[in-house]
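> So you can see what is in the structure, the chains are spelled out below.
Number of protein chains: 2
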Amino acid sequence: MVHRTPVLTSEYLNNLTGAALYFKCENFQKMGAFKMRGALNAIQCLDEDQKRKGVVTHSSGNFGQAVALAAKNLGIKAFIVMPENAPKVKVAAVEHYGGIVIMCESTISAREKTAQQIINTEGATFLHPSNDLNVILGNATATVEFLQEHPDLNVILSPVGGGGLLAGTSLAAHYFGNHCSTMGAEPQEVNDAFRSLKSGVIENNETTATVADGLRTQLGDQNFPIIKELVDRIICVEEEEIVAAMQLIWERMKIVVEASSAVALAAVLKEKEMFKNKKVGILISGGNVDLQNLPF
Amino acid sequence: MVHRTPVLTSEYLNNLTGAALYFKCENFQKMGAFKMRGALNAIQCLDEDQKRKGVVTHSSGNFGQAVALAAKNLGIKAFIVMPENAPKVKVAAVEHYGGIVIMCESTISAREKTAQQIINTEGATFLHPSNDLNVILGNATATVEFLQEHPDLNVILSPVGGGGLLAGTSLAAHYFGNHCSTMGAEPQEVNDAFRSLKSGVIENNETTATVADGLRTQLGDQNFPIIKELVDRIICVEEEEIVAAMQLIWERMKIVVEASSAVALAAVLKEKEMFKNKKVGILISGGNVDLQNLPF
Numbered sequence: 001m002v003h004r005t006p007v008l009t010s011e012y013l014n015n016l017t018g019a020a021l022y023f024k025c026e027n028f029q030k031m032g033a034f035k036m037r038g039a040l041n042a043i044q045c046l047d048e049d050q051k052r053k054g055v056v057t058h059s060s061g062n063f064g065q066a067v068a069l070a071a072k073n074l075g076i077k078a079f080i081v082m083p084e085n086a087p088k089v090k091v092a093a094v095e096h097y098g099g100i101v102i103m104c105e106s107t108i109s110a111r112e113k114t115a116q117q118i119i120n121t122e123g124a125t126f127l128h129p130s131n132d133l134n135v136i137l138g139n140a141t142a143t144v145e146f147l148q149e150h151p152d153l154n155v156i157l158s159p160v161g162g163g164g165l166l167a168g169t170s171l172a173a174h175y176f177g178n179h180c181s182t183m184g185a186e187p188q189e190v191n192d193a194f195r196s197l198k199s200g201v202i203e204n205n206e207t208t209a210t211v212a213d214g215l216r217t218q219l220g221d222q223n224f225p226i227i228k229e230l231v232d233r234i235i236c237v238e239e240e241e242i243v244a245a246m247q248l249i250w251e252r253m254k255i256v257v258e259a260s261s262a263v264a265l266a267a268v269l270k271e272k273e274m275f276k277n278k279k280v281g282i283l284i285s286g287g288n289v290d291l292q293n294l295p296f
Numbered sequence: 001m002v003h004r005t006p007v008l009t010s011e012y013l014n015n016l017t018g019a020a021l022y023f024k025c026e027n028f029q030k031m032g033a034f035k036m037r038g039a040l041n042a043i044q045c046l047d048e049d050q051k052r053k054g055v056v057t058h059s060s061g062n063f064g065q066a067v068a069l070a071a072k073n074l075g076i077k078a079f080i081v082m083p084e085n086a087p088k089v090k091v092a093a094v095e096h097y098g099g100i101v102i103m104c105e106s107t108i109s110a111r112e113k114t115a116q117q118i119i120n121t122e123g124a125t126f127l128h129p130s131n132d133l134n135v136i137l138g139n140a141t142a143t144v145e146f147l148q149e150h151p152d153l154n155v156i157l158s159p160v161g162g163g164g165l166l167a168g169t170s171l172a173a174h175y176f177g178n179h180c181s182t183m184g185a186e187p188q189e190v191n192d193a194f195r196s197l198k199s200g201v202i203e204n205n206e207t208t209a210t211v212a213d214g215l216r217t218q219l220g221d222q223n224f225p226i227i228k229e230l231v232d233r234i235i236c237v238e239e240e241e242i243v244a245a246m247q248l249i250w251e252r253m254k255i256v257v258e259a260s261s262a263v264a265l266a267a268v269l270k271e272k273e274m275f276k277n278k279k280v281g282i283l284i285s286g287g288n289v290d291l292q293n294l295p296f
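Chains as they are written, first to last, in our numbering: chain A, 1 to 296; chain B, 1 to 296.
None of these hints come from the bench; they were simulated from the model.
No incorrect hints appear here.
Treat identical chains as interchangeable: a pair holds within one or across any two.
Under the rule of at most 20 Å between Cα atoms (straight-line distance), these lysine to aspartate or glutamate pairs were calculated in the DMTMM-like manner:
#, residue 1, residue 2
1, K90, E251
2, K88, E251
3, K72, E11
4, K279, E11
5, K53, E112
6, K270, E240
Next comes chain A alone, as it looks inside the complex (with noise of 0.2 Å):
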């Protein structure tokens, strides 16, 4: 129910990093992100009751279409809860899988409540995007797969926003990797990860002025702990970084990547020393863009 995606190269990119760059393209995935293998494995993994009963989201983004997607593909009702000033197109794309959109305000807390009255009236299931360990599972199977294919990569860079891919990745490098070590990439702009990683506790975003949208989100307390012990660092960037880093996956890869997922190559070119003559896994989020508003 979800795509083995390509693991891509570039000659280019190689001698500009002077690394062995492997791109893990869940910009092809179902959907256009990873987020369809947590969806799918929070859902799959529900008891029968649960199933009946239907699951909600609250998501103005790709979780939100993955929820739908892996919701229609396993027979089972979803209940997609977005603010009112969520982009026609993002409404239509989860409508046209199958969900059922409930609109709201668009504050924090009216999702919350709108979320909870589904709840209340459906018995439908909550999901959260990333502060949840089925979900997490779900997102390391895109690293299971760039290991079985490349077994001897010495590192793997994810994103990190609401810590639910890179969680994910860090489990799957530690049980399959061969002394594969995680890593993050963070726009410094939103590092709450970086800054919680410091202190040993979450440490909240102040602003969510990045150019990556998918990485504006907060740790939770599910991801954390994994993260804490399996990380090894997190590379934090600037938003010019995260932008010059996306150009040159486009012009070089020829490929269509968020934002967000040009964050971890950024990364490698801030701090190219780190990964010299090193195999290094680079997990592409997801490729899902608004073509009439790009960054270049």
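Given the coordinates of chain A, assemble chain B onto it according to the supplied hints.
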């Protein structure tokens, strides 16, 4: 010396067209376009004396880069005549690939005169981007690979500009396909190939007014006889159909393709009934686009 490029599919585009579409992704080819195949083959076919003296072409597009890179990889000199108003990024790309750039005025006669001077002084061999049998045969290798992986394609569509790719495609489909027909896809605005097939003689374009900048060139006397014999038909598409198909490929397949590459999908979308329930191969010719200047 060339990549064996991947073949991609899209469930969404299959549903949209009612056909089973297979995309041969030459946008992932070295230097980003199928032109590498023709340039390489033409240079490899030179004799030792010719190789010693080098090659020359005039091009502001993909073929100049292809000749420069192919020559570099074969250890011979390449003189690339470029108009003085060529975009800096294209000049830089040719130089990056080791080509010797010679600037001239931006007219066809100045280009030809400058190339002739190099032929006279250096003894270099002139390579034409499309009207050269060894270039055509090199281009054909894309379709040979395509048919090795998908031997039961019913039809292969290729964009047509100078005719070098379409001629090569039709030769490979004829000799290696299993009753596989070849069709061309051409912008209505520069439909010299469509009109030439109708009249039986090479027709000229009045304008070059198409977004598909790789297809502004004219058919030649080397490729037209092949096309006349082996190509079933040419489908013409409007400018807005090309842009819409290009956007579909970017958004749904998550790959960066040139406008010229979208012409074949535009043709399938325009003539859906013709392709319904067929296995249809589409040659994605290249992915070298100016990200600052997208048509959508």
